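Visitor: Residue strings, one per chain:
There are 4 protein chains.
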Amino acid sequence: MRLKNYNDPIYGFISIPTPFIYTLIQKPVFQRLRRIQQMGLSHYVFSGATHHRFAHALGAMHLMHKALTVLEDKGIAISPEEKEAAMISILLHDIGHGPFSHALEGILIENVSHETLSLALMKALNQKHNGKLSMAIDMFTNTYKRPFFNQLISSQLDMDRLDYLKRDSFYSGVTEGNISTDRIIAMLMVHDDQLVVEEKGIYSIEKFLLARRLMYWSVYLHKTSYVAEEVLKRIILRARELLNQGTAIDASADLLYFISASHSSVNQIDMDHYTAIDDVDILSMVKAGVKHSDPVYASLCNMVLTRRLPKIKVNNEPFSSDFIEKKKNRAKTKFDISLENISYYVFDGVMKNMAYNLEQSPILLIDKKGNTKELLAGSDQSNLKMLTKAVMKYYCCYPK
Amino acid sequence: MRLKNYNDPIYGFISIPTPFIYTLIQKPVFQRLRRIQQMGLSHYVFSGATHHRFAHALGAMHLMHKALTVLEDKGIAISPEEKEAAMISILLHDIGHGPFSHALEGILIENVSHETLSLALMKALNQKHNGKLSMAIDMFTNTYKRPFFNQLISSQLDMDRLDYLKRDSFYSGVTEGNISTDRIIAMLMVHDDQLVVEEKGIYSIEKFLLARRLMYWSVYLHKTSYVAEEVLKRIILRARELLNQGTAIDASADLLYFISASHSSVNQIDMDHYTAIDDVDILSMVKAGVKHSDPVYASLCNMVLTRRLPKIKVNNEPFSSDFIEKKKNRAKTKFDISLENISYYVFDGVMKNMAYNLEQSPILLIDKKGNTKELLAGSDQSNLKMLTKAVMKYYCCYPK
Amino acid sequence: MRLKNYNDPIYGFISIPTPFIYTLIQKPVFQRLRRIQQMGLSHYVFSGATHHRFAHALGAMHLMHKALTVLEDKGIAISPEEKEAAMISILLHDIGHGPFSHALEGILIENVSHETLSLALMKALNQKHNGKLSMAIDMFTNTYKRPFFNQLISSQLDMDRLDYLKRDSFYSGVTEGNISTDRIIAMLMVHDDQLVVEEKGIYSIEKFLLARRLMYWSVYLHKTSYVAEEVLKRIILRARELLNQGTAIDASADLLYFISASHSSVNQIDMDHYTAIDDVDILSMVKAGVKHSDPVYASLCNMVLTRRLPKIKVNNEPFSSDFIEKKKNRAKTKFDISLENISYYVFDGVMKNMAYNLEQSPILLIDKKGNTKELLAGSDQSNLKMLTKAVMKYYCCYPK
Amino acid sequence: MRLKNYNDPIYGFISIPTPFIYTLIQKPVFQRLRRIQQMGLSHYVFSGATHHRFAHALGAMHLMHKALTVLEDKGIAISPEEKEAAMISILLHDIGHGPFSHALEGILIENVSHETLSLALMKALNQKHNGKLSMAIDMFTNTYKRPFFNQLISSQLDMDRLDYLKRDSFYSGVTEGNISTDRIIAMLMVHDDQLVVEEKGIYSIEKFLLARRLMYWSVYLHKTSYVAEEVLKRIILRARELLNQGTAIDASADLLYFISASHSSVNQIDMDHYTAIDDVDILSMVKAGVKHSDPVYASLCNMVLTRRLPKIKVNNEPFSSDFIEKKKNRAKTKFDISLENISYYVFDGVMKNMAYNLEQSPILLIDKKGNTKELLAGSDQSNLKMLTKAVMKYYCCYPK
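Same order as they appear, the protein sequences are chains A, B, C and D. Using this note's numbering, you'd call the opening residue of the first sequence number 26 and step up by one each time. Using this note's numbering, you'd call the opening residue of the second sequence number 26 and step up by one each time. Using this note's numbering, you'd call the opening residue of the third sequence number 26 and step up by one each time. Using this note's numbering, you'd call the opening residue of the fourth sequence number 26 and step up by one each time.
Heads up, some of the hints might be wrong.
Same chains, same names: a pair is fine if it fits in one copy or spans any two.
As the list claims (entries may be wrong) - Derived pair list, reagent style PhoX-like, types lysine-lysine, alpha-carbon separation capped at 20 Å: (1) Lys-393 to Lys-336; (2) Lys-425 to Lys-394; (3) Lys-52 to Lys-394; (4) Lys-29 to Lys-52; (5) Lys-225 to Lys-410; (6) Lys-316 to Lys-52; (7) Lys-29 to Lys-91; (8) Lys-258 to Lys-248.
Everything labelled a hint here was simulated from the structure, so no lab data went into it. Since the structure is predicted, the reported quantities are computational estimates derived from the model, not experimental observations.
Go ahead and model the full structure; you've got the sequences and the hints to work with.
Guide: This is the structure:
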C-alpha cells in the first residue's frame with residue numbers, strides 16, 4: 026500500500042496510516058477546520074500565527090502515532106484496532122471547535138464546550154459508518170478499558186497539548202515554547218494500563234510545564250489579542266441584543282441561527298447549522314457590521330476589523346470601583362456613550378492560568394523498580410510546586 | 026525614542042524605524058492585508074502555508090532595512106529621507122493585492138496588475154499625507170535618480186523575492202527553499218548607483234535562483250493547489266455570467282461591484298470598493314454558493330469548499346484534442362453536463378516558469394577591481410544557463 | 026570598504042566591522058580558541074555539542090553589535106571608539122580560557138580564574154598595539170566611566186550569556202534553551218549610563234532566566250558529563266602527584282609546565298606556555314596515559330578515553346558517610362584498590378546553580394516614566410523568586 | 026524493555042533499537058569516532074562545523090530505521106534479523122575513517138580506502154562476536170540476496186548521504202543544503218528487491234541532487250578549507266621524508282607507524298595502530314612541529330596551526346606553466362625557498378564533482394503501474410542532465 030502523506034512545516038511529513046482515517050480527513054466536517062484559526066485573534070499580535078485547526082489535528086494524530094510506536098517498542102501490546110481508534114480519537118478531538126476556536130466558545134452557544142460538540146459529531150460519523158468509531162469514542166469518553174489511551178488524548182500530558190505548544194511556538198515565533206516532543210514521548214511508559222513517565226524524564230516534564238506557563242502569559246493571554254477577542258465576544262452579544270429588538274443583522278443564515286436564539290444544550294442544536302459556520306461567517310458579519318445603523322455595533326465591528334482596539338490595563342489586584350467609574354465617566358463625556366451601553370466599552374475581568382492542576386488527574390512517574398508516584402512527589406525542588414499555583418491577573422479595558 | 030516592534034517567526038523581531046511608517050502600518054488599507062492569503066489556496070496542499078500578505082510586507086521591509094545598513098557599512102551614502110522612502114516603498118509594494126493574491130489577479134479586474142493598484146493606493150495615501158510618499162513613489166516607479174533603490178524593490182534580486190521565498194519555504198515546510206537572506210544581502214553593493222553583487226557571491230545567487238525554481242515547481246505550481254485556484258477563477262466567471270443573465274448571487278456589495286461589471290482599467294474603478302474586499306468576501310460567496318440554484322455554480326463552489334477537486338494531469342507536451350474530447354464526452358455522459366457548460370469542468374492550459382529571465386534587467390556582478398558583468402558571463406559553468414530557460418508544462422483538468 | 030564576514034549556523038553571517046578587530050581575530054592566541062571545546066566533555070552526552078570557544082567569541086561580539094545598534098536607534102550616543110572597544114572587549118572576554126574551558130579551570134592553575142587570564146592576555150595585546158585596547162580593557166575591568174558597557178560584557182544579562190545559552194541549546198539539541206536574543210536585546214535601554222530593561226520586557230527576562238536554569242540542570246550539570254569531567258580533573262591531579270614522585274608523564278612540554286609545578290597567581294605564569302596549550306595537549310596526554318605503568322593513572326585515562334565512566338548517583342541530601350564507606354569497601358575488595366588511592370575512584374561533592382543571583386548586581390527594569398526598579402520588585406508573581414534560590418544537589422561517584 | 030536514547034540536535038532523539046547495537050556503540054573502536062572531525066578542516070571556514078563522525082554514524086542509522094519502517098508500512102517484509110543487520114551495517118560503514126576523515130585518506134595509508142578499513146574492522150568485530158555481524162557484512166559488501174539493503178547503505182541515494190548532507194548543512198549554516206530526509210524516505214519503495222523511488226518523488230530527488238551539488242561547491246570544496254587540507258597532507262609527506270632521512274619527528278608511536286613506512290594494502294597494517302590514531306595525534310604532531318629544526322616542516326605546521334594559509338586561486342581552465350613558473354620564482358626569491366622544496370609551497374591540481382554519476386548504479390523510479398525507469402528517463406526537463414556532468418575546477422596555491 027502506498028501511504029498518503031501530508032506536508033507539515035513542523036514534522037516534515039505526516040503519514041496517514043489507514044484508508045479509513047484518510048476517509049475521515051476528506052469529510053467536509055473535517056475540511057471545515059481549514060477555516061478555523063487555531064489561535065483566534067492572536068495573529069493580531071503574533072502576525073505569523075495564522076495556522077488553522079486542520080494542521081493541529083493532523084499534528085496531534087502524528088504525535089499519537091509516535092507515542093504508540095514508542096510504547097510498542099517498550100513491549101506494550103497494542104492491537105491494530107486500538108491503534109486506529111486512538112488515532113481517530115485524537116484526530117477528531119477538536120472537530121467540535123467553532124469559529125475562532127476558544128475566543129467564542131461559550132458565547133455562540135452558552136454552556137456547551139467544544140468537547141461536547143466534538144463528541145456529538147463523532148457520534149454522527151459513527152452512525153454513518155456503522156460503528157467504526159465506537160472504540161475511538163470510548164477512548165475519548167474514557168470508557169475504554171485501558172485508560173492510557175484516554176490519557177494520551179485528554180490529560181495534563183496528552184498529544185493535544187504537545188502538538189499545540191510546539192505548533193503555536195513555531196508560528197508565533199516565541200521560541201521558548203518549542204518543546205522537545207520527541208524527548209517527552211520517548212519517556213512515556215504504560216503501567217497497569219495507566220500512562221506514566223519514566224523517572225529520568227522529570228526534567229522533560231518540567232520543561233514542558235514551564236513552556237506551557239510561558240506560552241500562556243506571553244502568547245495565549247497576551248493583553249492585545251485578549252482585548253481583541255473580548256470585543257469580538259461583545260459583537261456577538263450586541264448582535265443578539267439587536268436581533269431580539271427586531272433590528273436586522275447582516276450575517277449568514279447559519280450564523281444567525283446561533284445569534285438570534287440562545288442555546289445552552291447540545292440537544293437543542295441543529296448540528297447542520299453548526300458545521301456550516303466558521304471564521305468566514307464571523308468575519309463577514311464584522312465586515313458588514315461597520316456600516317450598521319446601530320453605533321455601538323458598528324463601532325465594535327470597526328475596532329476588530331481595523332485593529333483599533335481599546336486600551337487594556339493589567340494588574341495583580343482587582344481594579345477599584347473608583348478606577349472603573351472614572352473610566353466610565355470619561356468614556357461617557359468624551360465619546361458620548363450612553364449609560365446603558367457603557368459596558369460594551371468599559372469592562373473588567375480576570376485572566377487565570379495554571380500550568381499543572383493538582384485537582385485534575387496527576388502526571389505519574391515510574392522508577393526503575395516499577396513504583397509510581399505523583400510528579401510533585403518526585404520533584405526534588407520547589408520549582409514544580411510554583412507551577413501548581415493558579416496565577417490570576419485582573420484587567421480593565423476602556424477607550425483610548 | 027522607543028522603537029515599535031513586530032513579532033515575526035522568521036526574523037524574530039521586526040523594528041519599525043520611524044513614526045510615519047508606523048502610521049502607515051496602522052491604516053485600515055494596510056491592516057486589510059491580514060485578510061489576504063499570501064499563497065492563495067496553496068494551504069490546500071501545504072497545510073501550514075496559511076500566512077498573510079501582512080507579515081510578508083513587514084518582512085520585505087525588514088530585509089530592506091538590513092540591505093541599506095549593509096550598503097551604508099560599505100560606504101554608500103544614503104540619506105535618512107532615502108532610507109524611509111525605500112522602506113515605505115517596499116512596505117506598500119503589495120498593498121494593491123486583492124483576494125487570494127495572485128489566484129484571482131486579472132479575473133476580478135481584467136488586465137490590471139496588482140502593481141498598478143498598489144501605485145494607485147500609494148498615490149491616494151500621498152495625497153492624504155501632503156506628499157510625504159513622493160520619494161517612495163518615485164522609487165517604486167523607477168523615476169528616482171538613483172536606480173538601485175528601485176532594484177531593491179522590484180528586480181530579479183529584490184527584497185520582495187528574498188522575503189517571500191524564505192517565508193513561503195518556512196510555512197510550507199519545503200526546506201530546500203530556505204535561502205540565506207543574510208548571506209545574499211551581505212554580498213550586495215552599489216556601483217554607479219546600480220545594484221550589483223560582489224563576485225564572490227555568485228554561489229549565493231545561484232542558490233537563490235535554484236531555490237526559486239524549486240519553489241515554483243514544488244509549491245507555487247503544485248498541481249493540486251493549481252487546480253483549486255483554476256476552479257476558484259471559474260466560480261467568479263460563472264457568477265459574472267449569471268449576474269449578466271439577471272440571476273442573483275449572494276455576495277457582499279463590494280464584491281458584486283467587481284463581479285457584475287467588467288473593469289479593465291484602474292481609472293474605472295472605485296477604489297473604496299477595492300479596499301473593502303478580501304478573502305472573506307470570496308469565501309463567503311463560495312459558502313453561500315453551494316446552495317445556489319444554478320448547478321454549475323453550486324458544484325464549482327462545492328469543489329473549492331470541500332476540497333473535492335477535479336483530476337489534473339500534467340504533461341511535457343500539449344494534450345491532444347483527442348484526449349480532451351474524450352474527457353469532455355465522458356464528463357457529458359457520466360455527469361450529465363451540457364455542452365455549453367463543459368468548459369467549466371474540462372479545461373487545459375499551460376504553466377510556465379523561468380527562474381532568471383534574460384529579457385529583464387540582469388543581475389550584475391562586480392569584481393574586486395570594480396568591473397561589472399552580467400551574471401551569466403560570470404558563471405563558469407552551465408548550471409545557471411539552464412535557469413534561463415522557460416519551463417513549460419501542460420495540464421488538463423477533468424472530473425474524477 | 027568590503028566587510029569581512031564569518032559564517033555562523035546560528036546568526037547566518039557575522040560581519041567584522043573594523044580592520045583592527047579582524048587583525049585581532051587573526052592572532053594565533055585567538056585562533057587557538059578553535060582548539061578549545063566550549064562545553065568541555067558535554068559532547069559525551071550531547072553528541073552534537075562539539076562547538077569551540079572561537080565561534081562563541083564571534084557570536085557574543087555579534088550580539089554586542091546588535092545591542093549597540095538598538096541602543097543607538099533609541100537615541101543613546103555611542104562614539105565609534107566606544108563601539109569598537111566594546112566589541113573588542115567581548116570578543117576577547119574568554120581568550121584566557123584553557124583546555125576544556127571550565128572543566129579544568131582551577132585545576133591546571135590553582136585559584137586563577139579564566140577572566141584574570143583573559144585580562145593578562147588583553148594587556149599583552151595592548152602593549153603590542155600601543156594602547157589600542159586601553160578602552161576595551163577599561164570596559165572589561167569596569168573602570169570605564171559609562172558602566173553599561175561593562176554590564177553588556179559581564180553581568181547577569183550580558184551578551185556572553187545570551188550567546189552561550191542560544192549556542193549551547195542549538196548544538197545540544199535541547200530546544201527549550203533557545204532564547205530569543207533579538208527580543209531580549211530589543212528591550213535593552215540605557216538610563217544614567219546604566220543598562221536597564223524596558224518594563225514590558227519582563228517576560229523576556231523571565232524566559233531567559235528560566236532557560237538558563239533549565240540548561241544548567243539538563244545540560245551543563247548533566248550527571249554523565251559531570252562525572253567525566255571529574256575524572257578528567259583527577260587525571261591531572263594524579264599526573265601531578267606522579268611527577269612530584271619523579272615518575273615521568275608523557276605530555277607536551279607546555280602542559281608539563283602546568284602539571285609539574287603548582288601555580289596560584291597569574292604573575293608566576295609564563296603566558297607563552299599558557300597560550301600554547303589547548304584540548305589537544307590534554308587529549309594527547311590521556312591517550313598516552315592508558316599505557317602508563319601507574320595503574321591508577323592508566324585506569325583514569327582509560328575511563329575518559331573510552332567513555333567507560335564511574336557510576337554517579339545524585340541526591341537532594343548529602344550522602345551519609347555510611348553510604349560512602351560502603352562504596353569504598355566494595356571498591357577496595359572488588360577492584361583491589363589501595364586505601365591511599367581510593368579517593369580517585371569513590372568521591373562525593375555538591376553541584377550548585379542559581380539562575381539569578383541577588384548578591385550580584387541586579388537586572389534593572391525601567392518603566393515608561395523613567396523610574397527604575399530591581400527585577401524582582403517588578404515581577405508580580407512568585408515565579409522569579411524561585412530563580413534566586415541556590416539549588417544544591419549532592420553526588421557520589423563510584424565504580425560500576 | 027527501556028530503549029537507550031541518544032540526543033541529537035537534528036533528529037531530537039535517536040533510539041537504539043537492540044542491546045547488541047548498544048554494545049557495538051560502546052566499543053572503544055566506535056567511541057574513537059568522537060575524535061574524528063566529520064568535515065576535516067572545514068571548520069576553518071564554517072566555524073560551526075565541528076561535528077564528529079560519531080554523531081553522523083548514529084544519524085545514518087536513525088535514517089535507516091526510518092526507511093525500513095516506511096518500507097514495512099508499504100508492505101515489504103523485512104525480518105527482525107535483516108533490520109538489525111542493516112542498522113549495524115550503516116552504523117559501522119564509516120568506522121574505518123582515519124584522522125580528519127577524507128582529508129588524509131590515501132595519504133596516511135596509500136591506496137587504501139576507508140571502506141576497506143571499515144570492512145576489516147567489521148570482520149574483526151564479527152570474529153569477536155561469533156558471527157553476529159555476518160549478515161551486516163554481507164549487506165555492506167552487497168553479497169546479501171536482497172540488494173536493496175546494500176542500496177540503502179551505499180548507493181547514490183543511501184542513508185549515509187542523506188544524513189551527511191542534512192548534518193553538514195545544519196552545522197555549516199548553509200541552509201540550502203537542508204534536505205527533507207523525511208520526504209525523500211517517504212518516497213522510497215522496493216521492487217524486485219531493488220530500491221526504487223515513487224515517481225511522484227522525482228522533485229524530492231532533484232532537490233536532493235541539487236543540494237548535494239551546492240554543498241560540494243559551497244562547502245566541501247571551499248577553496249580555503251581545501252588549501253588547508255592540502256597543506257595538512259604535505260605535513261605528513263614532509264614528515265615521512267624527514268623520517269626516511271633519519272630526522273626525528275615528535276609524534277605518537279601509533280602515528281609514526283603510518284608515517285615512517287608506506288603501506289598500501291590493508292593486510293600489511295597492524296589494525297591496533299590504526300584504531301589508536303585520530304585527530305588528536307595529527308594535531309599534536311602539528312603543534313610540536315612548529316618548533317622543528319626543518320624549516321619546511323615547521324613552516325607547514327605553522328600554517329595549519331595558526332590558519333595562515335597560502336593563497337589559492339581557482340580557474341575553469343588549467344593554469345599555464347608560465348603562471349606556475351612565475352609563482353615559483355617569486356616564492357624562491359621572496360621567501361628564500363630552495364628548488365627542491367618549492368613544491369611544498371607552490372602546487373596546482375584539479376577539483377572535481379559530479380552530483381549524479383551515470384556510470385554508477387542509477388536511481389530508479391517506479392510508476393503507479395509498477396514499471397521502473399532510470400531517473401533521467403523520468404525527468405521531463407534538462408535540469409537533471411546538468412547534474413550528471415563532471416564539474417572540474419583547477420587550482421593553484423602559492424605563498425601570499
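Visitor: Give a verdict on every hint.
Guide: Now the hints, each set against the structure:
Taking CA atoms no more than 20 Å apart as the test, Lys-393 paired with Lys-336 passes between copies only; the shortest distance there is 16 Å, against 54 Å inside one copy. For the homomeric pair Lys-425 and Lys-394, the shortest alpha-carbon distance between copies (19 Å) is at most 20 Å, but the shortest distance inside one copy (61 Å) is not. Taking identical chains as interchangeable, the C-alpha atoms of Lys-52 and Lys-394 are never at most 20 Å apart, the minima being 47 Å within one chain and 28 Å between chains. For the identical chains of this complex, Lys-29 and Lys-52 are intra-copy neighbours only, at 16 Å inside a copy versus 41 Å across copies, given an alpha-carbon limit of 20 Å.
In this assembly of identical chains, Lys-225 and Lys-410 lie within 20 Å of each other by CA distance solely inside one copy; the values are 18 Å within and 26 Å between copies. In this assembly of identical chains, Lys-316 and Lys-52 lie within 20 Å of each other by CA distance solely across copies; the values are 18 Å between and 36 Å within a copy. For the identical chains of this complex, Lys-29 and Lys-91 are neighbours both inside a copy (17 Å) and across copies (16 Å), given an alpha-carbon limit of 20 Å. Taking the shortest alpha-carbon separations for Lys-258 and Lys-248, only the intra-copy value of 15 Å comes in at or below 20 Å, while the best inter-copy value is 40 Å.
When each numbered hint is compared with the structure, a violation occurs for hint 3 only.
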